[in-house]
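In order, the protein sequences belong to chains A and B. Start counting the first sequence at 2; every next residue gets the next number (my numbering). Start counting the second sequence at 885; every next residue gets the next number (my numbering).
There may be inaccurate statements among the hints.
Said to hold, decoys possible - With a straight-line Cα cutoff of 25 Å, these simulated DSS-like cross-link-like pairs (lysine-lysine) come out:
| hint | chain 1 | residue 1 | chain 2 | residue 2 |
| --- | --- | --- | --- | --- |
| 1 | B | K953 | B | K902 |
| 2 | A | K70 | A | K4 |
| 3 | B | K941 | B | K953 |
| 4 | A | K4 | B | K902 |
| 5 | B | K941 | A | K103 |
| 6 | B | K941 | B | K902 |
As the list claims (entries may be wrong) - Partial selection, computed: residues in chain B whose CB lies under 10 Å from chain A:
| hint | residue |
| --- | --- |
| 7 | V888 |
| 8 | Q890 |
| 9 | P892 |
| 10 | Y919 |
| 11 | G942 |
| 12 | Y948 |
| 13 | V983 |
| 14 | V984 |
| 15 | G990 |
| 16 | G992 |
Claimed, not checked - Covered stretches of chain A, going by a simulated chain B footprint (3 or more residues, C-beta under 8 Å):
| hint | segment |
| --- | --- |
| 17 | 42 to 51 |
| 18 | 98 to 111 |
It is worth saying that the hints were derived from the structure and are not from the lab. Given the structure is predicted, the values throughout are model-derived calculations rather than measurements. Glycine residues also receive a C-beta, built at the ideal position from the N, C-alpha and C atoms.
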Amino acid sequence: DAKTTQPTSMDCAEGRAANLPCNHSTISGNEYVYWYRQIHSQGPQYIIHGLKNNETNEMASLIITEDRKSSTLILPHATLRDTAVYYCIVRNSGNTPLVFGKGTRLSVIA
Amino acid sequence: EAQVTQNPRYLITVTGKKLTVTCSQNMNHEYMSWYRQDPGLGLRQIYYSMNVEVTDKGDVPEGYKVSRKEKRNFPLILESPSPNQTSLYFCASSARPEVVPEAFFGQGTRLTVV
């Protein structure tokens with residue numbers, strides 16, 4: 002079972018920031034938070050990951066609360082091509098498989 | 885361009901007829917894996933490989949085989965396909981699975997077994 006809870010769906014206006022929340026209240030100290038997205042029936046795409054510090058790359062920013070029980074993925078300027086299902090995954094380092102939950106279906110609206 | 889390539893993209897086959905889905909990556913990644921995706925069940929790992937000649941079972945390996953004779957290729961073999969293997973299959977690879985477990989995914993193979 003996925004160790005994370007995400008809203009089922011969200012809408013965002015094109016050009017605005019999309020803030021996708023994720024709860025992972027049972028996260029343990031050596032577990033990372035990963036975000037992937039999947040555009041309809043395409044292969045999942047890795048976005049970003051973090052342990053406890055906030056992270057930023059060319060795609061998004063990841064904000065992790067100090068207690069690490071929740072995080073937010075931020076797409077700073079959402080475009081129509083960002084419409085996808087976004088998965089928040091908690092996993093420790095090592096070779097355990099990713100466990101994809103149901104994710105959040107983000108719809109970016111013109 | 886860095887990519888993971890799966891073939892075929894679509895396949896319809898009959899029960900019991902052996903098939904192979906190929907997966908190739910051009911990034912010299914040591915780690916490769918296979919997932920299947922089913923409605924309501926999400927993505928589940930079938931097999932993974934840490935390097936050439938090293939393969940291990942994932943969460944749902946029954947009915948599947950894999951091989952890793954060379955670094956770039958990781959074919960998925962269904963010796964005797966059954967209708968419950970109708971699914972969307974994804975291959976993935978990573979240079980550092982301990983950091984980013986599946987960094988690149990292929991575009992998927994939609995398999996229908998009738």
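Going down the list of hints, with the structure as the test:
1. B:K953 with B:K902: holds (20 Å)
2. A:K70 with A:K4: Judged against 25 Å, a Cα distance of about 11 Å means the pair holds.
3. B:K941 with B:K953: holds (17 Å)
4. A:K4 with B:K902: violated (37 Å)
5. B:K941 with A:K103: OK: K941 of chain B and K103 of chain A at ~23 Å, within 25 Å.
6. B:K941 with B:K902: Satisfied, since the Cα-Cα distance of roughly 20 Å is no more than 25 Å.
7. V888: With a closest approach of 7 Å, the V888 of chain B hint holds.
8. Q890: holds (8 Å)
9. P892: Violated, because the Cβ-Cβ distance from P892 of chain B to chain A comes to roughly 15 Å (cut-off 10 Å).
10. Y919: holds (8 Å)
11. G942: Holds: closest Cβ of chain A sits about 5 Å from G942 of chain B, inside 10 Å.
12. Y948: violated (14 Å)
13. V983: holds (7 Å)
14. V984: holds (6 Å)
15. G990: Where the cut-off is 10 Å and the nearest Cβ of chain A is about 5 Å from G990 of chain B, the hint holds.
16. G992: holds (5 Å)
17. 42 to 51: holds (count 7)
18. 98 to 111: It holds: at least three residues are needed, and the segment 98 to 111 of chain A offers 6 whose Cβ sits within less than 8 Å of chain B.
In summary, the numbered hints that this structure violates are 4, 9, 12.
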